[in-house]
Amino acid sequence: MTTLDTSTAPANARKIEQLKPDLLLTQEHHMCPGCGEPLAVRQFLETIQDLGVVQQAVAVAGIGCYTSFSGSMDVDLVQALHGRAPSVATGVKRMLPDALVFTLQGDGDMVNEGLQEVIHTAARGENVTCILLNNGVFGETGGHMTATTVVGQRTKNTLDGRDAAYHGFPILIGDLIAQLEGAAYVARGSVHNAGAVARTKKMFTRAFQSQLRHEGFSFVEVLTMCPTGWFIPTAEGPSYMNETLGEVHIMGELKVDGRVKTTEELHAENVARQHEVEAKLAAGGLDDHEGR
Amino acid sequence: MTTTMSGRVLMEGSEALARAAIVSGCRFFAGYPMTPFTEVLEHMARLLPEVGGVCINAESELEAVGMAWGALSTGARAATGSTGQGLSLMQESFSEITLAELPLVIFNMARGQQDYFQATRGGGHGDYRHIVLAPQDVREGVEHVQLAFHLADKWRNPVLVYGDYLLAHTQEALCIEPMEFPALPAKDWAVDGSASGSGMSKNVTPLGVAKHGQEAFGQEGKFQYIATKTPLMEREVRVESGYLDDAETVVVAFGSPAKFVKYAIKQLRAEGHRIGYVRPITLWPFPFDTVRDAASTARVVGSFELAAGQMVDDVRIAVAGQAPVEFIGGVSTDHSGFGVGRLLEVGEIRTRLLALHEGRPQPQIPGYEKFTYQLQEHQETPA
Numbered sequence: 000m001t002t003l004d005t006s007t008a009p010a011n012a013r014k015i016e017q018l019k020p021d022l023l024l025t026q027e028h029h030m031c032p033g034c035g036e037p038l039a040v041r042q043f044l045e046t047i048q049d050l051g052v053v054q055q056a057v058a059v060a061g062i063g064c065y066t067s068f069s070g071s072m073d074v075d076l077v078q079a080l081h082g083r084a085p086s087v088a089t090g091v092k093r094m095l096p097d098a099l100v101f102t103l104q105g106d107g108d109m110v111n112e113g114l115q116e117v118i119h120t121a122a123r124g125e126n127v128t129c130i131l132l133n134n135g136v137f138g139e140t141g142g143h144m145t146a147t148t149v150v151g152q153r154t155k156n157t158l159d160g161r162d163a164a165y166h167g168f169p170i171l172i173g174d175l176i177a178q179l180e181g182a183a184y185v186a187r188g189s190v191h192n193a194g195a196v197a198r199t200k201k202m203f204t205r206a207f208q209s210q211l212r213h214e215g216f217s218f219v220e221v222l223t224m225c226p227t228g229w230f231i232p233t234a235e236g237p238s239y240m241n242e243t244l245g246e247v248h249i250m251g252e253l254k255v256d257g258r259v260k261t262t263e264e265l266h267a268e269n270v271a272r273q274h275e276v277e278a279k280l281a282a283g284g285l286d287d288h289e290g291r
Numbered sequence: 000m001t002t003t004m005s006g007r008v009l010m011e012g013s014e015a016l017a018r019a020a021i022v023s024g025c026r027f028f029a030g031y032p033m034t035p036f037t038e039v040l041e042h043m044a045r046l047l048p049e050v051g052g053v054c055i056n057a058e059s060e061l062e063a064v065g066m067a068w069g070a071l072s073t074g075a076r077a078a079t080g081s082t083g084q085g086l087s088l089m090q091e092s093f094s095e096i097t098l099a100e101l102p103l104v105i106f107n108m109a110r111g112q113q114d115y116f117q118a119t120r121g122g123g124h125g126d127y128r129h130i131v132l133a134p135q136d137v138r139e140g141v142e143h144v145q146l147a148f149h150l151a152d153k154w155r156n157p158v159l160v161y162g163d164y165l166l167a168h169t170q171e172a173l174c175i176e177p178m179e180f181p182a183l184p185a186k187d188w189a190v191d192g193s194a195s196g197s198g199m200s201k202n203v204t205p206l207g208v209a210k211h212g213q214e215a216f217g218q219e220g221k222f223q224y225i226a227t228k229t230p231l232m233e234r235e236v237r238v239e240s241g242y243l244d245d246a247e248t249v250v251v252a253f254g255s256p257a258k259f260v261k262y263a264i265k266q267l268r269a270e271g272h273r274i275g276y277v278r279p280i281t282l283w284p285f286p287f288d289t290v291r292d293a294a295s296t297a298r299v300v301g302s303f304e305l306a307a308g309q310m311v312d313d314v315r316i317a318v319a320g321q322a323p324v325e326f327i328g329g330v331s332t333d334h335s336g337f338g339v340g341r342l343l344e345v346g347e348i349r350t351r352l353l354a355l356h357e358g359r360p361q362p363q364i365p366g367y368e369k370f371t372y373q374l375q376e377h378q379e380t381p382a
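Read top to bottom, the protein sequences are chains W and D.
Once you know that position 250 of the first sequence is 249 in numbering that gives the first Met the number 0, the rest is easy, because the numbers rise by one and skip nothing.
Once you know that position 168 of the second sequence is 167 in numbering that gives the first Met the number 0, the rest is easy, because the numbers rise by one and skip nothing.
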């Protein structure tokens, strides 16, 4: 039996504070345990830094749980009303054509209150990136149904689950936006496991690159966990998300280079990837970049 | 357009206001068509690109004001507008833009004077005031637009220009030249991305929050801060008055109708009637002191407005019981609700002024008999 030497840190050890993205002023936040939003915020902040466009970055924040990051992201920021970030971002971008302008919105903000804003901004081909953190509930008010809540999902005002006959059907916003000619890049990622996080970061990279090339509107939707708003144990967040939201809001790149992928195509891609990963795991494991 | 020998140009009010905005440095405009505001938008759409500016035909009034909000956040001079109806849709943003201290200029090409409460009280939530300029004609409108951009920057507070159908559509011979104003502080609060990653990035927000480590008001502190700024803006009060020295009757009127009231009073003065007037140029701040002083020696005070009686409330506050206050205006639009209506006629105004002056009841507005609400038997109070 070997004894672990704890007198000095291993050579490759890093302190938690060193894992903080440089564009985050503090690690303090007001999010609940198990929340997926900080994971998504980290990915786009790191992407801005990786692309070397920090001093061009201007964020426009909507209103939701994620709004608390407006004070901790070290990015010039304009606070918009609930739902109104895309029009505010439009005004910013038209005055600062060389800036990297992005919105940060939730599903209640973007798909309920401000649906027409994001649709029209996409249709105009406005050269901004809209980021949607989609957890299918109003997290900030305590877990109420939004326009993206999937059928059967329990929320505080659909206690027996969303009933399509009574509450209507969810809006698949990414799919809707992909159909618009002004949309150049549309993707739907997730943060429910490491592979999904890594793929989401790639989506942010492609969306921002698309904006920097002035190709038109870009859109990244990220499915995020909200165990508090879903009334489930924290640890069950990722699997619950994958089995509810993930089954309806299909992940993948919905529009690249002008080509729109169907739900069936995306689903087939995801299943193929899953089989590939499972086969490699069975054969001895994944290398560092696998699943990305 | 016709250029006169003196270099003046015959120009529609809407174009004059748009050109005045552009000489003020306005470089962003967004709006949604609505009569009688539509032509302001048309001229902005045509003229702004000529100077490197942007005019967006927004998908709704909500987005128009949002776009202006974004442009203002970069430090640009920006404006939006509509009629009172369209401004109703923008009220949530007006409230919060005021808290965010952004210098928005708003064009209200109103369908009449029924938006006085909306303009001076705000239809939005919370404690806020906008400076409201009410030009009597296109010439003054050109000055007011330029003043509006200056005052908005000076106070970092929205300023509303209250026009109407007549202002938007009347042609006047004008020469639009930039006015001189005192220097303003640099907009060091504006965002352009250059502070990102510096540890001192900026946050243009109505919420009273700041970036981590920077001093923040908090929501309560922000409300208090705005509440203490607002009374200081009252020094921007502007007013015109005439014939007050020996006036037995004082009439208060604003905007285009005030010009007609002034003309009628000039006629009545020539006939020996002691009538004077107060014309609030700023509706907020309201010229309470001028109206109060005029009322102190008057027998009666009247409020002439093309509405059911809104400004009359401010007149009553100003007069504070020194003299009886009578509402002598009335609802007055064309049949479609657009124009400034049948009371905008000097003969009608003269009749109403004389009735007030001679202590007679105000006449029924011609043709309105059939629109008059009749008290029903079940609504009468039991004896």
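Take these hints with a grain of salt, some might be off.
Straight-line alpha carbon distances no greater than 25 Å define the calculated SDA-like cross-link-like pairs of lysine to any residue that follow [what the hints assert, rightly or not]:
#, chain 1, residue 1, chain 2, residue 2
1, D, 221, W, 19
2, W, 14, D, 308
3, W, 19, D, 258
4, W, 19, D, 198
5, D, 186, W, 201
6, W, 201, W, 16
7, D, 369, D, 346
8, D, 221, D, 306
9, D, 369, D, 308
10, D, 221, W, 67
11, W, 19, D, 215
12, D, 258, D, 91
13, W, 260, W, 245
14, W, 155, W, 178
15, D, 186, W, 55
The set of hints was computed from the structure by calculation and includes no laboratory data.
Structure-based check of all given hints:
1. 221(D) <-> 19(W): violated, 31 Å
2. 14(W) <-> 308(D): violated, 69 Å
3. 19(W) <-> 258(D): violated, 65 Å
4. 19(W) <-> 198(D): Since the Cα atoms of residue 19(W) and residue 198(D) sit roughly 14 Å apart, the hinted pair holds (cutoff 25 Å).
5. 186(D) <-> 201(W): Not satisfied, since the Cα-Cα distance of roughly 36 Å exceeds 25 Å.
6. 201(W) <-> 16(W): OK: residue 201(W) and residue 16(W) at ~24 Å, within 25 Å.
7. 369(D) <-> 346(D): Since the Cα atoms of residue 369(D) and residue 346(D) sit roughly 22 Å apart, the hinted pair holds (cutoff 25 Å).
8. 221(D) <-> 306(D): Not satisfied, since the Cα-Cα distance of roughly 35 Å exceeds 25 Å.
9. 369(D) <-> 308(D): holds, 20 Å
10. 221(D) <-> 67(W): Answer holds: residue 221(D) to residue 67(W) is near 17 Å, not above 25 Å.
11. 19(W) <-> 215(D): Holds - the C-alpha atoms of residue 215(D) and residue 19(W) are around 23 Å apart, at most 25 Å.
12. 258(D) <-> 91(D): violated, 33 Å
13. 260(W) <-> 245(W): holds, 17 Å
14. 155(W) <-> 178(W): violated, 32 Å
15. 186(D) <-> 55(W): Distance ~18 Å between residue 186(D) and residue 55(W) Cα, so the pair holds.
Going through the hint list in order, the structure does not satisfy hints 1, 2, 3, 5, 8, 12 and 14.
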